[in-house]
Amino acid sequence: MRVLAAMSGGVDSAVAAALAVDAGHDVTGVHLALSPDRQTLRSGARGCCSVEDAHDARRVADELGIPFYVWDMADRFREDVVDDFVAEYAAGRTPNPCLRCNEKIKFSAVLDRARALGFDAVVTGHHARLADGELRRSVDAGKDQSYVLGVLTPEQLASAMFPLGGMTKDRVREIAAERGFAVATKADSHDICFIPDGDTRGFLTRKLGSRPGPLVDAATGATVGEHDGTYGFTVGQRRGLGVSVGDQQPRYVLGIEPVTRTVTIGTADLAGVDQISTAAPTWTAEAPALPFRAQVQLRAHGAPVGCEVTGGDDGGLLIGLDEVQRGVAAGQSAVLYEPDAERGDRVVGQAAIRTSARRQGTVRR
Amino acid sequence: MTHPQPVYLDHAATTPVLPEVLAAMTEQLGRVGNASSLHASGRSARRAAEQARERLAEALGARPSEVLFTGGGTESDNLAVKGLFWARRQADPRRRRIVVSPAEHHAVLDSVEWLATHEGAEVTWLRVEPSGRVTPQALAEALGDGSDVAVASVMWANNEIGTVSDIAELAATAHDVGVPLHTDAVQAVGQVLVDFGATGVDALTMTGHKLGGPMGAGALLLRRDAECTPLLHGGGQERDVRSGTLDVAAIVGLGVATVATVQGRVERAAALADLRDRLVTGVMEQVPDAQLNGAPLDDVVRSGPGRLPGNAHLSFPGAEGDALLMLLDAKGIECSTGSACSAGVARPSHVLLAVGAEADRARSSLRFSLGHTSTEADVDALLGVIAPVVERARRAGMGRR
Chain R
1 MRVLAAMSGG VDSAVAAALA VDAGHDVTGV HLALSPDRQT LRSGARGCCS
51 VEDAHDARRV ADELGIPFYV WDMADRFRED VVDDFVAEYA AGRTPNPCLR
101 CNEKIKFSAV LDRARALGFD AVVTGHHARL ADGELRRSVD AGKDQSYVLG
151 VLTPEQLASA MFPLGGMTKD RVREIAAERG FAVATKADSH DICFIPDGDT
201 RGFLTRKLGS RPGPLVDAAT GATVGEHDGT YGFTVGQRRG LGVSVGDQQP
251 RYVLGIEPVT RTVTIGTADL AGVDQISTAA PTWTAEAPAL PFRAQVQLRA
301 HGAPVGCEVT GGDDGGLLIG LDEVQRGVAA GQSAVLYEPD AERGDRVVGQ
351 AAIRTSARRQ GTVRR
Chain C
366 MTHPQPVYLD HAATTPVLPE VLAAMTEQLG RVGNASSLHA SGRSARRAAE
416 QARERLAEAL GARPSEVLFT GGGTESDNLA VKGLFWARRQ ADPRRRRIVV
466 SPAEHHAVLD SVEWLATHEG AEVTWLRVEP SGRVTPQALA EALGDGSDVA
516 VASVMWANNE IGTVSDIAEL AATAHDVGVP LHTDAVQAVG QVLVDFGATG
566 VDALTMTGHK LGGPMGAGAL LLRRDAECTP LLHGGGQERD VRSGTLDVAA
616 IVGLGVATVA TVQGRVERAA ALADLRDRLV TGVMEQVPDA QLNGAPLDDV
666 VRSGPGRLPG NAHLSFPGAE GDALLMLLDA KGIECSTGSA CSAGVARPSH
716 VLLAVGAEAD RARSSLRFSL GHTSTEADVD ALLGVIAPVV ERARRAGMGR
766 R
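Chains as they are written, first to last, in the working numbering: chain R, 1 to 365; chain C, 366 to 766.
Some clues are possibly wrong.
A partial selection of chain C residues facing chain R, derived with a Cβ cut-off under 10 Å [what the hints assert, rightly or not]: (1) Met691; (2) Ala761; (3) Gly762.
Beyond 12 Å from chain C on every Cβ pair, some chain R residues (computed) [as the list claims (entries may be wrong)]: (4) Asp26; (5) Thr28; (6) Pro67; (7) Gly133; (8) Ala158; (9) Ile175; (10) Asp199; (11) Asp217; (12) Asp247; (13) Gly272.
Hints listed in this document are in silico derivations from the structure and should not be mistaken for laboratory results. Glycine is no exception: its CB is placed at the ideal position from the N, C-alpha and C atoms.
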């Protein structure tokens, strides 16, 4: 097959490209330039957008003897990922930009262009298993990235290759070292690539300006403090609230109301939810019949929890959780899995969380 | 996927080393000797370098003392633009203005912009004809009475679209108001008649690897009366304007390449122009809405070609240059888009933007450049694939925002 390898300059995509070459595919490497003002050198362990990262990717491609190009996707990335990220925060939600990038950039804009240019598939270094059209968790539970791929459709998955899902990250680094790739010991990237200093609140403040509002204690309804913008908060957040209520009990963010800019905080017993309503779902295969039992993961690196999935309002889902969960933030994806200890949990689909609630004995609709 | 024997249509980027250059350099590389040393080995190295200087000077209508060996075109451009600016401003602090074409190579443009940012230079951008040519009228208007101008710079032939300007006329225009003119002749040497002395320019950039010489070796031809402040300080090897141990083997190679290329110019230029016309005509037949950028194929300047004989620069509306390049590369055909930044991100050509092209047209262009190894088979290989490649690139371009 003619395969396009998306090469970030990191060790994972380098090994994924190498494995695609080994498998006999006709591979071309592409590095995505996602930022219009690229830094020359990496700053810290974040991102894949510096010229140095492009150089690292090119070095690997040259060693593999495959063509290599840089594709400028900065405009698309800004519109579909960065602007969406800012807008979601402004609306009081907590977006996942990596998931959005997979949905809109890597497996949409890039895949479409690759197909038009005559490629059959896009190979990436994501840690997830993909066989027979079934997307499953990586064997390396600590590095599993199936959550941020949960948004892919059957058509997208049909043109995707994830050769790393069957191995651990340690094995990936071993393969890179065996092949003499300089990126074998390159640090993993963390956080959000377009916020290289890791200061999300500072980034949003620059984008959105100061939008002060009250911090309200849920138990008393009293205003217990002020904040500079609701975008500085995520549901479930405990640190950095900047208030002292006086009873020594930790407070959590319970809710964010963007119009009145009210951030509601409360004690742990108020922070749990066990019912989630979502926007319209996407499915990785044929849509399952509702209702069904599944496991749901509510944020990247979150622990899965058993659930019952039924139809909700406006084409969305209603997900009843077996156990109460804290930190369920609107805007995050609820990714549904079909447990499978042997072959890896299968990703069924996902839907963006809209609201969450605590059932009082019976299910409320 | 890489073609076993690529069809090389990128001679303006670099061209294969001539066999006689390889032989001369190999011989010289086997010898010891610093051309600045006083003993026999040093004298021998010095002799080889000076012979190269004399031959290069003769081939380009310069005196040997006007040849300063440098590390290549970029260094020569930097030295000329910054060195002339500094020296002229030193002599008269009112001279802070630089008059330059926006279609110059980045070695000139970025030097000028550096001077503007760090040295208080003021930049006057020259009006450029849609063909890419700078006219004497445009230069005269920009210079005014010239009293506040430190230096003017206009390239002899454009590296992207191949347009030749009348450098002799431009030099005369600059001299009318007492301003020195630098010209980047990196692409012109060997393709059109370049006579430094007859043209009257004050400084001329040339480099070896566009002529079948080695990379990393070039020259600045600098008139004896031109004051130029050094960039590189040290041993003062090159007229105290450029320091650094002479790379004798590279200089020997540069000399051999320049002499050979200039001597064979008339014959080769005619052959290249025929091939180039065949390429452009053929592409136009295959892709009827393709557009030729730069001067017409039969354009004439000062009784010589108005367009480099080896240059074909075409836009393919609706297709993106980087997609075209990739698809051609996959078929073993090597060409280039406009300028690439250090990260390899394709940007719309600043040259096409400077001559007034729309960004889409600038983004959809490819440069095919022919050289001493080019054949009809090379051109035919391109013509055999260009139509489906453009068709495919157009499909890939749809849906992009």
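Hint-by-hint comparison with the structure:
1. Met691: 6 Å, holds
2. Ala761: Where the cut-off is 10 Å and the nearest Cβ of chain R is about 4 Å from Ala761 (chain C), the hint holds.
3. Gly762: Holds, about 8 Å.
4. Asp26: 5 Å, violated
5. Thr28: 7 Å, violated
6. Pro67: Since the minimum Cβ distance to chain C is about 6 Å, Pro67 (chain R) lies within 12 Å and the statement is violated.
7. Gly133: 25 Å, holds
8. Ala158: At roughly 19 Å from the nearest Cβ of chain C, Ala158 (chain R) sits farther out than 12 Å, so the non-interface label holds.
9. Ile175: 22 Å, holds
10. Asp199: 25 Å, holds
11. Asp217: 46 Å, holds
12. Asp247: 53 Å, holds
13. Gly272: The claim holds: Gly272 (chain R) sits with its nearest Cβ about 43 Å from chain C, beyond 12 Å.
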